[in-house]
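Trainee: Given the coordinates of chain P, assemble chains S and F with the ligands onto it according to the supplied hints.
Protein chains in written order, with numbering that gives the first Met the number 0: chain P, 0 to 301; chain S, 0 to 360; chain F, 0 to 274.
These are computed hints drawn from the structure, not numbers from a lab. Careful, some of the hints might be misleading.
To spell it out: a stretch of chain P is covered by chain F in this simulated footprint if at least three of its residues, at any positions, have a beta carbon under 8 Å from a beta carbon of chain F; those stretches are [stated by the list, open to error]: (1) 62-76; (2) 100-113; (3) 187-200; (4) 284-291.
Just so you know, even glycine gets a beta-carbon here, dropped at the ideal spot from N, CA and C.
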Amino acid sequence: MTQRRPILSMPVGLLFLLPAMVFVAVFLVFPSLWVLWISLTNQTLTGEAALRPRFVGLANFRALFDFENWMVRGYFGNALRNSVLFVIGSALIGQAGLGLAIAWAFYRRRGIWRELIYTLAILAWIIPDVVVAFMWVAYLDRDQGTLNAILSALGMGRVDWLIEQPLLSIIIFNTWRGAAFSMLLFSSALATLPPSYLEAAAVAGARPWQAFRDIILPSIRSHIITDLVLITLWTFNTFTPYLITAGGPTFRSEVVSIYTFRIAFQHFEFGRGAAVAVVMMLINLALALVYLSTLRREARAR
Amino acid sequence: MARIRLEGVTKVFGAVVAVDDLTLTIEDGEFFALLGPSGCGKTTTLRMVAGLERPTRGRIFIGERDVTDLPPQARDIAMVFQDYALYPHMTIMENIGYPLKVRRYARSEIHRRVREVAEVLQIADLLDRRPGQLSGGQQQRAAVARALVYPPQAFLFDEPLSNLDAKLRLEARSFLKHLQKSLGITTIYVTHDQAEAMALADRIGVMDRGRLLQVGSPIEIYRRPRNTFVATFIGSPPMNLLRCRFQQAEAVLVLGDGQALALGERAEALRRAFRDGEPLWLGIRPEHLALAEGPGPTHLAARVYAVEPLGVETLVTVQVDAERIALRLSVDEPPVLREQVWVRVPMERALFFREGGELAL
Amino acid sequence: MTVIREVLSRVLFYLFSALIGAFFALPMLWLLLAPFNARGTLALEIPRPFTLANFEAVFANTFAMRALLNSVFIAGGTMLVVTLTATMAAYALSRAEVPYYDLLTYGLILFSSVVTGTAAMVPIFLLANALGLVDTYVGVILTFTGGLLPTAIFILRDFVEGLPRSYEESAMVCGATPWQMVRDVVMPLLQPGMMVVAIWAFVQVWGAFLIPFVLLRTPERMPAAIAIYSFYTEAGTPILTLTSAYALLYAIPVLVLYLFVNARYGFRFFGGIKR
Ligand SMILES: Nc1ncnc2c1ncn2[C@@H]1O[C@H](COP(=O)(O)OP(=O)(O)OP(=O)(O)O)[C@@H](O)[C@H]1O
Ligand SMILES: [Mg+2]
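The shape of chain P in the complex, shown without the other chains (with noise of 0.2 Å):
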């Protein structure tokens, strides 16, 4: 036990937190304890189960589990296919990908477009959800969208996309709402890059694309993971695109967000909204887990 004198006293500092401490547990800590004694009733909003919620044990995992109706579109396993495409494409793939690809574009440049990219990076992931969803259900639109005005002069067809594409279209979108993340914690990786690493492996004769792989990769590794491990964790969660397709048409673009959402809040079947919210949560949880364990390596690097 240190005696150091602390410059707040234990007694103040816990009143300190206390506030803090009150609202998380109110409003994160119980409700997701108690989101697990839900998941194992019939609670609904309205009707007898409404005021008396029944224990029904592990019934609602085992609809949610109903490997005969499981790839149906409308049932969970759809939702999970879904949501494993929407989070590879838009995530993985798009987001980190354009993120790095932005990053090392620029990296240690200055100028016009680069504050001009960053600007419509960091625009696009801040403007409110509805703001952007009205701008792409625009952009997207059939006959008026900006895109197939921009297809069509270049002479190819043009799309349905919201109708055809669904699931392809709010992947680009989220892509599109997302990579300035992943762009800016790329970008501060690299600023701390000393610049004698790539000159070194310029002198040693590597061409641009062998020093990126063989240096700076290697040596932003902690950053990739950090950054995958959270966007992961963010567009496995997100309800934007609910606001772009509603999940249609016929749910072929309902990812697991959606689908809890329509279960408790349009059909209000919380028991079994709570337990997609319990395999959510556990989802979230071996996700978190990753991202701690880098953060706590990284603290004790520091």
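Mentor: Using the frame of chain P, we list chains S and F with the ligands on its own:
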């Protein structure tokens, strides 16, 4: 103004004993330097005096008051931190006046007193600036001014010069010494730079690994270091230590390579202090060594290892067997590299340490 | 040979920049043009005739205006509660001896990552229901607060750790009482960090859709994120002139705050400042 007394003060951090049973009295008006290598517990000692750290054991007195359990606010001391800790959001005027402001002095009084100390410290024209707009030396003066503005019982300095460049450091050093002498405020000054401690202090306390090894005036510590640690910590280059064996019958010291040094008049004293054949350390300051023309009873054969001209003097390092010996010579024609030379060891200047390190003679 | 490669890499660089720029910019252009167009359209066309009538119509719509005010209220309230409690907590975590310090900080991050998005909405809705907080601002603000606090604390804790303790220590040695120390030294030093967290919290809540959508009932209490869906014709199609004008109005505070942060602090990167 007051004297400061530490009685059996110990500080333990987890498994580390940062300060170990330190007992020390600093006299009223004295400039006292705490000197030691990095991590020896100097800062911790100072912070305990300031009240920023609570001793694990022991008591601390400022004047006649036992301040061990008092918070820093109640101790009536002033401290200059290594990073100066000037508040970036306040002007220099506000920074210096802060000790007065918290004591609820009137604005006009604060301004008057701040101007006064600022004049003394020659920063009166910088009062409207912020700390970020000052050079390192000016920041250091502002920090001293803040410590000075409300005359304290004691000044505490934690390496206040270590962030300055070499030239400024010398200037600031003489300035601090002059200031302390003219104000006569009891001062504890922490440093790891032995030259700084020697130049500034009335007395020096040398610390190592949490223990106070020796307390004395700079000259005392320089002339008669209590053990080999102090001997090699003070002086630049430090005292030469030669490992040898006492041979009573011949009244000589024998070095590792078999060369012998006649003890002359000191033989009797050594006979009383050491057994026949006992290993010991011969300590001799570089400036006391000289070159000789040829062999002699107190001469060592050596080979020149390096020659470094310093202007007034030349620093010559020679090699005797496996050991290196430094000489400070003021000769016009220093020896050249790899030359075979003779080094005269004046036995009347030599110190003799026991094998364990403590001073015997 | 090297000249050719040099030219080629330049060309590739500009091509890349132009493509990426277009990728990010094209979807946004509609929002800049449509609000000034007298005809409602999803297409990208120069407003002809150019008009401000859409904005006039929106300003005349008391329901829509009140929704903006509701957004200010909800985002502002959350911002105050989050900034205040997070600053106190982060300061305590950094400057007091807090038992189980590590467990606490990492536990916070863990919970905020796990309990997020729609997964959190089911229990939070039931909790708000049980506490009688459904359809109240307090319920919405506290729900946001619980979700944002861990990250806010984490950002601010890093910020406080970056401030040397010697600032506070020198204040103590100067004779300042704890309260004087907090007022004269700690608060001013924490201000930039608090500012960043306040803006971050405001932008988060301002743009959020799901929580008020689930927790609020009464139309008059709805924030702009939901009120924007009220510009519909009888037939159920959006009135694009009004919707686009309203969307632009609603996005402006975020743009202004972005410009402010950019100018004042530079858009410095605080790990995961927006999510
Ligand atoms: N708050 C603390 N917690 C744990 N150990 C500490 C703490 N403060 C100091 N120590 C340890 O106590 C010992 C003495 O530290 P101190 O800072 O007093 O050394 P110092 O003599 O001032 O060194 P330097 O010249 O490097 O400033 C060191 O081993 C240090 O690691
Ligand atoms: Mg120190």
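Trainee: A separate judgement is required for each hint: does it hold in the structure or not?
Mentor: Right, here's what the structure says about each hint:
1. 62-76: violated (count 0)
2. 100-113: Answer holds; 4 residues pass the 8 Å Cβ test.
3. 187-200: Answer violated; 1 residues pass the 8 Å Cβ test.
4. 284-291: holds (count 6)
When held up to the earlier numbered hints, the structure conflicts with 1, 3 and fits the remainder.
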